[in-house]
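K.L.:
Put chains B and C on the given structure of chain A with help from the hints.
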Amino acid sequence: MSALSERSGTRLEVADLRVTYPGPPPVRAVDGVSFVAAAGECLGILGESGSGKSTLGRAMLGVVAEGQVEGRVQLGDLDLLQLDERALARVRWRRIALAFQSTAALNPVLRVGLQLSEPAQVHLGLNAPEAEARADALLDNVGLGPWAARRYPSELSGGQRRLVLLAMALVCDPEVLILDEPTAGLDPVTRQRVMALLARLAASGSTTLIIISHDADALEALAQRVLVLYRGWVAEVGPARQVLGDPRSPYAWALLNARPTLASVKDLRGIRGDPPDPTEVTPGCPFFGRCHQGAPELCGGARPPLVQPQGENGRREVACVRGGVMTLLCADELRKSYRGGIVAVDSVSLAVRTGEVLGLVGATGAGKSTLGMLLLRLVEPDGGSVQFDGHDLTAARGSELKAIRGRAQLLFQDPYEALSARLTVAEAVREPLDVQDVGDACARSELVRSTLAACRLPHDDAFLSRHTHQLSGGQLQRVALARALVLDPKLLVADEALAMLDPSEQAKMLQLLKHLQVERGMAMVFISHDLSVVLRIADRVMILDQGRAVEEGPGSRILVDPRHPATRALLAAAGRDLLFPPSGASHPELRARSNADPHPFRQMRSTQT
Amino acid sequence: MTVATAGVARPARSHEFRLPRIGWVGVAILLGFATVALVAPALAPYRVGALSGPPLEGPGSAHLLGTNSVGHDLLSQLLSGVRVAMFGAFVAGTGTALVGGAIGLLAGWWGGIVDLVLMRIADVLLVIPRLPLLIVVITYAGTGRGMVALTIALTFWPEAAKVLRVQVLTLRHRTHVTAAMGFGAGAWHSMRRHVLPEVGLVLVAALVAAAGRAVMLQVGLAFLGLDDANRASWGSVMRGALKFQGLFFTRAWVWWLLPPLVAIGLLLAGLTFVGTAVEEWVNPRLARHSIVGRS
Amino acid sequence: MVGLYLLTLLAMVTVVFGLPRALPGDPLVALQDRAGSSAISAETTAHLRSYYALDRPLEYQYRHYLSRLGRGDLGWSISRNVRVTRLIGGHLPWTLLLLGTAFTIAAVLSFLTGVAAAWRRGRPLDRALLVAMTGLRALPPYVLAALLLIVLAVLVPAFPLAGARTPFAAYSSPLGVVGDVGGHLVLPATALSLSLLSTKFLIVRNAMISSLGQDYMVLGRAKGLPVRVLKYRHGGRNALLPFVAAMGAEVGFAVGFSIFVESVFAYPGMGALILRGVETRDYPVLEGAFLVLGALVLILNLGAELVMSRLDPRVAGR
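Here the protein sequences come in this chain order: A, B and C. Using the numbering used here, the first residue of the first sequence is number 9, and each one after it goes up by one. Using the numbering used here, the first residue of the second sequence is number 720, and each one after it goes up by one. Using the numbering used here, the first residue of the third sequence is number 392, and each one after it goes up by one.
By construction, these hints were calculated from the structure, which means they are not laboratory data. The reader is advised that the hints may include incorrect statements.
Derived list of chain A stretches under chain C, where covered just means 3 residues or more per stretch with a C-beta under 8 Å from a C-beta of chain C [what the hints assert, rightly or not]:
1) 58 to 72
2) 101 to 115
3) 122 to 133
4) 160 to 169
Computed from a predicted model, the values in this text were never measured in an experiment. Each residue gets a CB set at the ideal place from its N, CA and C atoms; glycine is no exception.
Extracted from the complex, chain A is given alone in its bound form (with noise of 0.2 Å):
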């Protein structure tokens, strides 16, 4: 419209909104899910697709043909649900309209400018003329042009056609517009005027926005507050740039972890684990089964209930009974100096979550080596401290520490100093086993067995018998990759651990190491003087120079944006001015992003006490 009314936009409140469609078997496609869109706010709700978010768009309105829906959906004093159906008639499109996603919404049988104006009709009582004169504006608004009005469906594109739901959508200025998928499928053009369409009524504040989306670039771009949605519940929610920027919950943290953006040089590995059965209804947390860091004690039970994450105060809450994704270690203010005044590790704090890699690079000599001995304690730090997993490790004694040790392993660079040459690989890949006291002989032969194919290595007798002398070079590394692996341990530090392959072992190592690391939801510490390579497989990496951290951020943040000389440094050995020509300024939108970058490690240590 060309002028927006004056209001504002309308609050809509969402609570414990259920949505089955009949079966056999039955599919609960919502589950549960409230919230609240202030008037005229710009609410997000992210899910892939099967979230049951269109469900959710429709269950709005109350069109879900033939599913039950329960709850409750009160749009300003309305409890729209519990109205009838003429009554609901009345509300929908003049106080709630949805836009939608599929271009079969439009009639094939009549024209545009008809499907368009018939609403301005019932809702506004216009006559035809005054509501095929609205029709034509709001077409040009979307920047289509009153010949669209003339047009039948089969007759416009894919793209022509989400214009004119969207449009057709707009008609009757409601108070609140959900839009479903409004970005997805379309060409750039297309997409920016939309984005720029939606930017401009989400300004103006009289209409209260829902922006359903798998697009988290576009909600990031236009909502002021996200709604995480897996398998029809809620999973995260809290304002844009805490959920999309540093996700807490485990499946929102695993879904923006998967997403490409320009400048990913990150091998992207999918979700662990396939969705679940959406007609099996079980009692517990739906991501219980792909969560890297569930329990069964404490997931299965019940629907984990909106918190706010682990020490954390703010407007986000997560649903995940431990507090959204867990810190698994945290260093603070480590310190190692060896005899002559040589200050290897200078006051590093950094925290790791679960599941998370972390790269840690710098020149030789920056102390990457010693800083991640002391993240284990195989060195003992002069200051600091290192908690992991809810343990002080630096105070630990005894079997405290053993078992710490059992759960935190360390893959080091060269595999012929790390594996004596007098174990069998059998001998070697047993013996975390038989130290930790792991199960009966019999387990832990089975247990060798399995890790070794895990790491794709032949696991048959003969293998299981030779010396390690007999193995080449990356099969070496691979035995030592299972020997830390074998405990199953929730945090790997590999300390250049590709260094000595040629780039053909190295390629198939890294690889596997991001495979296993994703499949057994464990953490890493990837330590390196290469960047390029870990850039392929860090989440997060930290430039150490000279015992000191000085940045971190997110690998492609890194590549498109480095800020400290020593990244740059780092950055031109890697042979980065090829990509990008120094005297070249970064791309807007990139650095716009980066900015946006909240760092996690800092806010995690303020909280953290």
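P.N.:
Okay, now just chains B and C, sitting in the frame of chain A:
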């Protein structure tokens, strides 16, 4: 031309099939008629053409269904009509389904020019008013019941052919058929092994539908006077009754006109029941849709 | 599409031309034998032979036949010795009246009931309609007609038994004519429309049901449109396409059905003409009737085709 097409048959596993109850009712009716048709000569109290009593005699012990205006025994005529109708249902119905099925298989399997020509012929036949055509052809070709059945089959095959063709077309492009041809199976092998078992039920449905139509046509043609003068049929009984000027001034219509009507209705009901039941097998259930909201 | 109709027309003409000639022997002899009359003189035979050009080669006969048809000459009735076109001219209007009335009633009723049944799918109304329509579909038109005759003309003598108008009636006003013709029309038209109802009902119902599941219906509901608009403009409009297509396809059947119905009610339309033609084996009359009815069906089909292209932008675009 738009053509009604049945849905693609579900992958068939014989143990899944359970005939709905209405189908069993239909089967019982058809079996009843078949039995009567077999033993009709023994049951009939008089020869069809025999002047067995006074004209227009009401139902009684001598003539259970009375006599017509000439004095023919109507029960005997009706029983003869059962044979004629069952012959029509069986021979003309099967003939129609076989001709249609064969043409549909051929067109669907070979495609190309064969398909084009056959389907053009089918379209022409579907457009033409076929009852007048049938009348013209039969007046020339003769009214023997075999000839009538043949003419019906040659005129009414397109329905079955269209349905079968669509089935075969979809099947032909399913992967397992392509795969079979990929490892060298010939057309005959694929047809016998993969196509015929799948379209069997569709063919049965087409057969039942064709049988119903054949009865309707055969009786109807007899009603118009196109029948074998030596065999009484339901159609000829009706024609005789309606041609008799005084039919409705007496109660004669009750035993003369009504019984053949009831007989046709019953036979067609039986066929419809079986047909409905078979359709339910063949067609996947229409997706349940309702937009009527909560009330 | 027009090509198909031309092809069909040619096929019909060729069948009519070919049938008598395909049978063994002289068509005229066959004609004589079948008609059972030996009173055709040698002179007449010779005249007929030259009239039908039977003494010329087949190819010439065919061209001759086509040009005769082109002039509107359908030949002479054997039994009544008048031009076939004149006989048809006397009978066709009654058939058109009957067919037109029945077809219109059936169309309107089947569409309304089909939409209503689909809208209330699975509810009592739908079930009742389904059972009734299945029953109607099973019954042949002549059975329906005879039952109607018995119930509404004999048991309850509300309508006349037979004919299209009261014989020898003297009408006091034009309105009287309309009333008489209308009264005679009720039962045949009802019987015929009942026979034509069920197929179209089922097609509308199925089309409407699949239409109801479409997203545009959900959108229509979301737009808060009144039920009437939703049901007819959005759903019904889409069901109209298969409906019109079905009507086109059914015209041929309707013509056949009307022959049966006319026979039951002794209605003086094309059915009566055909019936007498069958009785007297009057081949030219039967052939002429077939060709005229065929042409009628083709024209109506073409009409349905045109309506469909107007209705569906997707068809029109092709």
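K.L.:
All hints are to be evaluated individually against the structure, with a verdict given for each.
P.N.:
Evaluated hints:
Counting residues of the segment 58 to 72 of chain A whose CB lies closer than 8 Å to any CB of chain C gives 3, so the stated coverage by that chain holds, three being the minimum. For the segment 101 to 115 of chain A, the assignment as covered by chain C holds, since 10 residues bring a beta-carbon within under 8 Å of that chain's beta-carbons and 3 suffice. For the segment 122 to 133 of chain A, the stated coverage by chain C is satisfied: 4 residues place a CB nearer than 8 Å to a CB of that chain, which reaches the threshold of 3. For the segment 160 to 169 of chain A, the proposed coverage by chain C is satisfied: 3 residues have a C-beta within less than 8 Å of a C-beta in that chain, meeting the threshold of three.
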